[in-house]
Each structure stands twice: as structure tokens, then as C-alpha cells.
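Trainee: Each chain, letter by letter, is given below.
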Amino acid sequence: DAKTTQPPSMDCAEGRAANLPCNHSTISGNEYVYWYRQIHSQGPQYIIHGLKNNETNEMASLIITEDRKSSTLILPHATLRDTAVYYCIVREYGGATNKLIFGTGTLLAVQP
Amino acid sequence: NAGVTQTPKFRILKIGQSMTLQCAQDMNHNYMYWYRQDPGMGLKLIYYSVGAGITDKGEVPNGYNVSRSTTEDFPLRLELAAPSQTSVYFCASSLTTGNQPQHFGDGTRLSIL
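Chains as they are written, first to last, in the working numbering: chain A, 3 to 114; chain B, 177 to 289.
Please note that the accuracy of each hint is not assured.
[Stated by the list, open to error] Covered stretches of chain A (in silico footprint by chain B; criterion: 3 or more residues with CB under 8 Å from a CB of chain B, positions within the stretch not fixed):
| hint | stretch |
| --- | --- |
| 1 | 41-52 |
| 2 | 103-111 |
[What the hints assert, rightly or not] BS3-like, lysine-lysine: derived pairs with alpha carbons at most 25 Å apart:
| hint | chain 1 | residue 1 | chain 2 | residue 2 |
| --- | --- | --- | --- | --- |
| 3 | A | K5 | A | K101 |
| 4 | B | K233 | A | K5 |
| 5 | B | K233 | A | K101 |
| 6 | B | K220 | A | K101 |
These are computed hints drawn from the structure, not numbers from a lab. Each residue gets a CB set at the ideal place from its N, CA and C atoms; glycine is no exception.
Go ahead and model the full structure; you've got the sequences and the hints to work with.
Mentor: Dropping the structure here:
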């Protein structure tokens with residue numbers, strides 16, 4: 003599985019969009035980009051995933067560059083409850099074990 | 177919906193003691209996983225299972241054992257607790273096929289003194 007690079011921390015004002023970047027320059031053609039978040043003391047929570055097209059769900063949007071070497075998770079209207087560590091993970095589609103390899107993520111602090 | 181349930185939530189062990197961390201899921205997921213998370217770090221995979229009777233090692237399996245006799249349960253066993261095993265342990269499960277996300281429990285906080 004390809005490695006990812008994320009900034010260690012970011013700040014965002016409440017009510018504004020939070021844009022969290024992720025670099026995955028060694029991603030291969032059959033690897034998906036997944037985003038999870040971990041709110042303090044809780045288990046990780048799935049947010050969204052995608053292959054090459056932009057994706058949107060009720061929680062967030064995922065923008066993947068055309069060359070697939072980087073992506074951005076967008077929380078359109080950040081709230082204080084969105085303060086968490088956000089993990090960007092790449093994983094092979096249909097891999098036999100469905101394993102996830104976690105890095106250290108980005109700590110997003112939403113400020114009032 | 178219960179989802180993934182882990183027990184106990186907290187535990188303190190003495191060096192050399194043994195214990196079993198319990199994990200149960202009610203979503204009929206075939207795949208189950210155990211991770212550990214040390215302070216300030218990401219999660220590391222200890223063991224995983226792709227179905228009842230089938231288990232395999234992850235990144236950091238030393239000092240742990242697992243079994244999977246049913247689809248619902250995936251206990252993690254520590255035989256001789258060591259201070260290096262002080263961590264937060266998370267269990268997760270997912271559907272078998274495709275790119276299904278993993279669902280996590282709330283964790284077990286384990287301290288070994």
C-alpha cells in the first residue's frame with residue numbers, strides 16, 4: 003500500500019470550510035483513497051473514500067487530483083465537534099485482507 | 177444498533193499477568209481486526225481475521241494471540257503482560273468484499289504496571 007503525507011496540524015474557524023490536504027505520490031492505479039477521523043478517546047470513524055472521481059456524502063467532499071498524487075478532504079461548514087485527528091489512507095481495491103495502514107494524521111482544531 | 181462492542185473499557189494489569197480483550201460485532205461482518213494505538217501515534221494492526229477459523233498476523237503481533245470461533249466474536253489474548261503493551265486497543269470489522277469501510281469499537285485502555 004502506498005504511503006501518505008499529511009500536515010501534522012491545521013486550524014479552521016467555526017463555520018468556515020476546512021480543507022485537509024494529503025499527498026500520495028506513489029499511489030497505484032487500483033488503490034483507493036480513504037479518510038477516517040478520530041475524535042479524542044473514540045474509535046476511528048469512516049468519512050469518505052474515492053478512486054479518481056470527486057466524491058461527496060453527508061459528511062464531506064473528497065477532491066482527487068487528475069494524476070491521483072494528492073487529494074483534499076473538505077468539511078464545508080466546520081463545527082467545534084469536527085475537532086479531531088484526520089487520517090488519509092490509501093488501500094488496494096479488493097485486497098484480500100482489506101487492511102488499513104494508519105499514519106499519524108492531521109490534527110484539525112476548529113476555533114470558535 | 178450496537179455495532180462493534182469492546183469490553184472492558186479500562187483495565188490495569190500487573191507485569192506477567194494475562195487477560196483477554198473481548199470484541200463482538202452484530203453486523204454479520206466476516207472481516208475483523210485488532211489495532212493498538214500508542215500515545216500520539218496512528219493505529220497499528222496486530223491481528224486480523226477474514227472469517228471464523230481464519231486468522232493472520234498484522235504489523236505488531238508479538239505478545240498477542242487471537243482466535244475466531246464465531247463470526248461475531250474476535251477476542252485478543254495477552255499471555256504475559258509487559259509494560260510495552262500499555263496502549264489503547266481498538267477492534268474493527270468490515271464486510272467481506274470490495275472497498276467496504278471498517279467500523280471501529282470505542283477501545284480498551286490498558287495499563288500494565
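Trainee: Against the structure shown, which of the earlier numbered hints fail to hold, in ascending order?
Mentor: No numbers; nothing is violated.
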